[in-house]
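**Q** Chains as they are written, first to last, in the numbering used here: chain A, 1 to 210; chain D, 1 to 289.
Treat the hints as calculated values from the structure; they're not laboratory data. Even for Gly, the Cβ is constructed at its ideal location relative to N, Cα and C. Watch out, some of these pointers could steer you wrong.
Claimed, not checked - If we take Cβ atoms under 7 Å as the criterion, some of the chain D residues that face chain A in the derived model are:
1. F4
2. N205
3. G206
What the hints assert, rightly or not - Pair ranges (Cβ atoms, derived):
4. D:K43 / A:E122: 27 to 33 Å
5. A:R202 / D:A84: 45 to 51 Å
6. D:P23 / A:G188: 35 to 41 Å
7. D:A64 / A:S172: 31 to 37 Å
As the list claims (entries may be wrong) - Beyond 10 Å from chain A on every Cβ pair, some chain D residues (computed):
8. A40
9. D50
10. Y80
11. R107
12. P154
13. V158
14. H169
15. D230
16. N238
17. Y265
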Amino acid sequence: MSSKKDPDVSKKPRSAFSRRGFLGGVGVGGGVLGSGLLSPVAEAAPASGPAAVPITLKINGKTQNLTLEPRVTLLDALRNHLDLTGAKRVCDRGTCGACTVILNGRVVYSCTVLAIDAQGKEIQTIEGIAPAGKLHPVSAAFVQHDAQQCGYCTPGFVMAAKGYLDRHAPKSIEDVEKGLGGNLCRCGTYVGVRQAVLEASREMKGGRNA
Amino acid sequence: MKWFDYAVPETVDEAAGMLAAHPRALLLAGGTDLLVQLRAGRKETDWVIDIKRVGELNELRYDAARGLTLGAAVPCYRIYQDRAVSQAYPALAEVASLIGGTQIQGRASIGGNLCNAAPSADAVPLLIAMRAQCRIAGPAGARQIAVEDFCTGPGRTVLGPGELLVSLHLPPPAPGSGARYLRFIPRNEMDIAVAGAGVEVVVENGTFRSARIALAAVAPTPLFVREAGDSLAGRPVNPESLAAAAGIARAAARPITDMRGTAEYRRHLCAVLTRRALEAAIQRARETR
Ligand SMILES: Cc1cc2nc3c(=O)[nH]c(=O)nc-3n(C[C@H](O)[C@H](O)[C@H](O)COP(=O)(O)OP(=O)(O)OC[C@H]3O[C@@H](n4cnc5c(N)ncnc54)[C@H](O)[C@@H]3O)c2cc1C
Ligand code: FES
Ligand code: FES
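Only chain D is shown next, with the shape it has when bound in the complex (with noise of 0.2 Å):
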């Protein structure tokens, strides 16, 4: 690894001056994507800011009013170990307790896997579904926008000169709602997905109040498939509404060929997740009702 600065600023406002200071200084949580990129030389740097210890950072709290708010360096062992959290968002907790394996999930953050924008990172998709929010903070102060316009490319994000994320925002689970994220991945905790899908469904008398699906893995960045998710608004509960919300999905992927899998082999998968997904959430909004 090159040699770099290193430094632990305590504020969100610190960070932001550093960042703003050092415009080439990347930010590290818990590192299982920045130093491997670093030693790599995937990316480069000659300012590391550790930013665990910025108290924002590192908030967890679940309140039944307002929803959860996850600090975007919460490593991934809080959010399933927190029975609250775990209670109210078992989608989420799933989600943590599958990125990489214990070690990985000792360090790596939600905030992380967000930010490094990978197009396969498995929370988003969830996040998505989930109508999660982002906070930033930055020289020309907060602001908020939903997840699913934050990354706009493999690495790429919206984050501005100086910006960070601060925490992520999920509302209180409604009534009648549940969420899933599946994935298809070779091998379970050392391996990248092939394709994946995240649901969050509102059932109400067997009938879709609302449903957002958002898929990993097919698009330069997490795809938010907005209309296979409006399509099942009001239809009824059964195997036609999903085909056809399934159908949506795969019509909007827009894979790559890769080592991994065929363009078309994921357009198949996108199907099948989503119809998938969609059956354990619906089965979750029962269970939870």
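Chain A extracted, bound-state conformation (with noise of 0.2 Å):
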């Protein structure tokens, strides 16, 4: 497994864009060309890296452009970039929920997916769901519930469970365990955790505010 310090710092490989004739006519993502969300050097390059290239993220409805190297993942991008610190880096291999955010209205692990790859969608974090100042029902159920301890894991689940609300309006415990299946906390809090979802669920009215 990866250490868990930052990878970007390793060293700058190659420049970005030598070696691709033969890949003239490949666009980089022709979904994102069409947003107009890419910067005119990364259209013209056919394939990035591996050194660092211009990326744009929408994040919380704001665009961000980065330079990033096709490798950092949207957590890295995240945290090490942008200071969106919310979203955690506890496993980094896919497996703790700490890092979800979510990516066109469904939830991810943000470390296992590649900034680059998240381009041209709406990606949104824990930063971007209380816009007013005001807690988002979840959040508040958490609090509401003792939903946390040491509370490293509480952004993945708030997230999670944000992600899950906005589809579903679970009926039962079971079905609160069923949208929460990614995410894992080591303090056990499990079951302030659920009590607090099926409470933002009924706040939420389930389902509806997709």
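Got two chains here, separate frames each, mind docking them using the hints?
**A** Listed below in structure tokens is the structure:
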């Protein structure tokens, strides 16, 4: 497994846009080009990397222009390049859920999505779910039910719960467990989490806020 | 993760051309296997080809006459969210909602599950039981093979240099047919099956017309046990027939002992899971007739 150290600080590889003659006509992501999100430099580049390339991400409704190597994950882009440290890096291998964000309305592990692959999609992070400074119903229910201890897993749980409640109206603890099965809590706060999500579901009138 | 070039082809030909030009390139679908393996150093490459923008790999189309076309990169959630597909192939929708948790299902594809060639891949025994065919494209053109012939060893497949899986094809569900995949797993969302069994039966007037049975995690590849299914053809639907088929499945398993279970335990599971999957598939066949 990888170390927990920042992977971006390793040696800078070679130039970004060489040796691609044969790929002449291949664009970087047609769908993205169409939406005009990519910079002209990226448009000219048929394949990107291994050195840093311009990458445009739409995070919490705001367009962010970055220069990243293709190997950088969405999680590392958020945490190390955008100071959005709500999504946590725990296992870094798609098993714990601490890095959960919402991508085009679907919950995903941001540690297992490349930033370059998240271009052209709506990315929502924990920082973006309470824009007016008022707690999101899920977060409020977590506070109410003491659904965290150390809190490290909490942003991931909140995002997973929000993503789930945006689409479903859980009727039972079992339903909640199905929606949150992709998240782990080392402190074992599951009892509070389940209660919080059930309550938030009532608040959000489950499934109708998508 | 080591550095790599990243390319996003938009057609099958472009993807195959890139693969041919970069023999060490790896294809990226949902990345739920690939990115984890790259980071752990279990795989290495200096070229990653993201195939998610290739139209044919994103196709999900059901037609009562022609069956299902499932593009290799279609993520699991699209399968179980598609009403027509879930109705025609409930067992496939179930397996799509069984792989990982919701975060995995938002990305992971059935094509990636197959191409990763893990003996424990949950979708593969079911695909075998349901007679799925793989459409493969490559420098020498397209070819089609049965899913049971796709995996050749742990992490190894029949794909040659420059070849990629384009799509999977399922025949329309036959009248009186039912399918089911069952696995034994200590923890539902984040674990690897100790053993699994995928079956499809076609039942008519209390008699099996045909059956197909395949197993997960008990051999170097997902294991098609043709003789177990064949033993049911023409036999009455009763506990004795099921027990006999389950016994054949058990005998065909070649499991190893590891931290998830001993070989003997896995053999036992093969018999139990096969019988239960058959019972569930028969029930389903009755309901949908
Ligand atoms: C937390 C977690 C839980 C999981 N749970 C399960 C589970 O319950 N059951 C299960 O079976 N699996 C499980 N997996 C494994 C994984 O999610 C599945 O195997 C998934 O279906 C892989 O699909 P993908 O699209 O992410 O593939 P990728 O990771 O993109 O690709 C997998 C492999 O196939 C190759 N490949 C992909 N597409 C093609 C193609 N079209 N042609 C040729 N080669 C190709 C890639 O190069 C790579 O080697 C889990 C993984 C994680 C991280
Ligand atoms: S850090 Fe992404 S799932 Fe654990
Ligand atoms: S509160 Fe500590 S890991 Fe969940």
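**Q** Against this structure, judge whether each hint is valid.
**A** Do the hints match the structure? See the list:
Taking 7 Å as the C-beta contact cut-off toward chain A, the hint placing D:F4 at the interface holds, the least distance being around 6 Å. Interface hint status for D:N205: violated, as the beta-carbon distance to the closest one in chain A is roughly 38 Å, over 7 Å. Nearest Cβ of chain A to the Cβ of D:G206: about 35 Å, over the 7 Å cut. The hint is violated. The supplied range of 27 to 33 Å is met by D:K43 and A:E122, whose beta-carbon atoms lie about 30 Å from each other.
For A:R202 and D:A84, the hinted distance range of 45 to 51 Å is not satisfied, since their beta carbons lie about 32 Å from each other. Take D:P23 and A:G188: their Cβ atoms lie about 48 Å apart, and the range 35 to 41 Å is violated. For the pair D:A64 and A:S172, the supplied restraint of 31 to 37 Å holds, since their beta-carbon distance comes to about 35 Å. Taking the minimum C-beta to C-beta distance to chain A, about 5 Å, the non-interface status of D:A40 is violated against the 10 Å cut.
Its beta-carbon lying about 6 Å from the closest one in chain A, D:D50 breaks the requirement of being farther than 10 Å from that chain. In this structure D:Y80 is separated from chain A by more than 10 Å, as the shortest Cβ-Cβ distance comes to about 12 Å. Under the 10 Å C-beta cut-off, the non-interface status given to D:R107 relative to chain A is violated; the minimum distance is some 6 Å. Here D:P154 stays apart from chain A, with its beta-carbon at least about 19 Å from theirs, past the 10 Å limit.
At the 10 Å boundary, the C-beta of D:V158 stays outside the reach of chain A, the nearest C-beta of that chain being 27 Å off. Listed as outside the interface, D:H169 is consistent with that label: its C-beta sits roughly 26 Å from the nearest C-beta of chain A, beyond the 10 Å cut-off. Non-interface call for D:D230 relative to chain A: holds, since the shortest CB-CB distance, roughly 37 Å, exceeds 10 Å. Annotated as non-interface, D:N238 keeps its C-beta farther than 10 Å from every C-beta of chain A; the closest such distance is 34 Å.
Taking the minimum C-beta to C-beta distance to chain A, about 24 Å, the non-interface status of D:Y265 holds against the 10 Å cut.
Of the numbered hints given earlier, the model fails hints 2, 3, 5, 6, 8, 9 and 11; all others are met.
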